[in-house]
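S.K.: Go ahead and model the full structure; you've got the sequences and the hints to work with.
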Amino acid sequence: MKKNALDACRSKDRGFGFPPGKVLERRYSLGNPIGSGWEGEVYHLTETQTGIERVVKFYYPERNPDRRRTIRLARRFHRLRECSVVLQYHHYGEIIWRRQPVDYMVSELASGRVLDDFLDDQPQRTLAAFEALHLVQAVASGVAEIHDLGAYHGDIHEDNILVERQGLGFRVRLIDLYLHPSGTNGHQRHDVVDIAALLYTLIGGKRGYSTSPDIVKQIVCGRQRARLFRKFPNARALCEFMVSYDWSV
Numbered sequence: 069m070k071k072n073a074l075d076a077c078r079s080k081d082r083g084f085g086f087p088p089g090k091v092l093e094r095r096y097s098l099g100n101p102i103g104s105g106w107e108g109e110v111y112h113l114t115e116t117q118t119g120i121e122r123v124v125k126f127y128y129p130e131r132n133p134d135r136r137r138t139i140r141l142a143r144r145f146h147r148l149r150e151c152s153v154v155l156q157y158h159h160y161g162e163i164i165w166r167r168q169p170v171d172y173m174v175s176e177l178a179s180g181r182v183l184d185d186f187l188d189d190q191p192q193r194t195l196a197a198f199e200a201l202h203l204v205q206a207v208a209s210g211v212a213e214i215h216d217l218g219a220y221h222g223d224i225h226e227d228n229i230l231v232e233r234q235g236l237g238f239r240v241r242l243i244d245l246y247l248h249p250s251g252t253n254g255h256q257r258h259d260v261v262d263i264a265a266l267l268y269t270l271i272g273g274k275r276g277y278s279t280s281p282d283i284v285k286q287i288v289c290g291r292q293r294a295r296l297f298r299k300f301p302n303a304r305a306l307c308e309f310m311v312s313y314d315w316s317v
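Take the sequence shown: its letters are residues 69 to 317, numbered as in our numbering.
These are computed hints drawn from the structure, not numbers from a lab.
It is possible that part of the hints are untrue.
Pairwise CB distance ranges, derived in the manner of DEER restraints [said to hold, decoys possible]: (1) F309 x G89: 18 to 26 angstroms; (2) G273 x I164: 31 to 39 angstroms; (3) N100 x P281: 36 to 44 angstroms; (4) P281 x G218: 31 to 39 angstroms.
Beta carbons: idealized from backbone N, C-alpha and C, even for Gly.
M.R.: Here's what the structure looks like:
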């Protein structure tokens, strides 16, 4: 195990251990933990004056030593505030916990289930091809909004997608934007690779891919990154392909 991965495990094993009912800045009451990851931990939160429920993410100090990362994330969330798939950012703050400053961000509490959990309820953790295409189209459309603003998500996978059924389709929300140290264009292409990998997973991987309709194969491109990079430089290109696909061919 690499040192940084080991550090992350230690952070998660240690945990912040915030007690339920802890009050932040005289305006929020902390609830139970929801989950944790490489960057920090997420808790349920309630506005004390209004009773409105939200979520808060606390960032491990060792992952955010100079606050630059969380400040950049807060600015990006604000920049993407009109995007339909991005959780709405509300507040940035800091507390002292165990003699260390801990940054946190408050966001809306979105409905839906984590996609990985949603798949647990599906036969063999797969969706029928057309159902998978509906879900992926919803993800791609949302990511296209992000790409249109010159940004990227950076970490699209089943644990970072909230999903709920809406009629024949799905409503999705993306969580945990990731900040890479390099530029934007390459990471937009990597977002598309992640979306194609998501489709491949949803149909059952190798087992379902061989018998999937042509549109699935046109999107997944045999899982060849170079082909995907050339064909879909961003999510908008992928969306346009899906909308204009000729089913009569």
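S.K.: When the hints from earlier in the document are held up against this structure, which numbers fail?
M.R.: 1, 2
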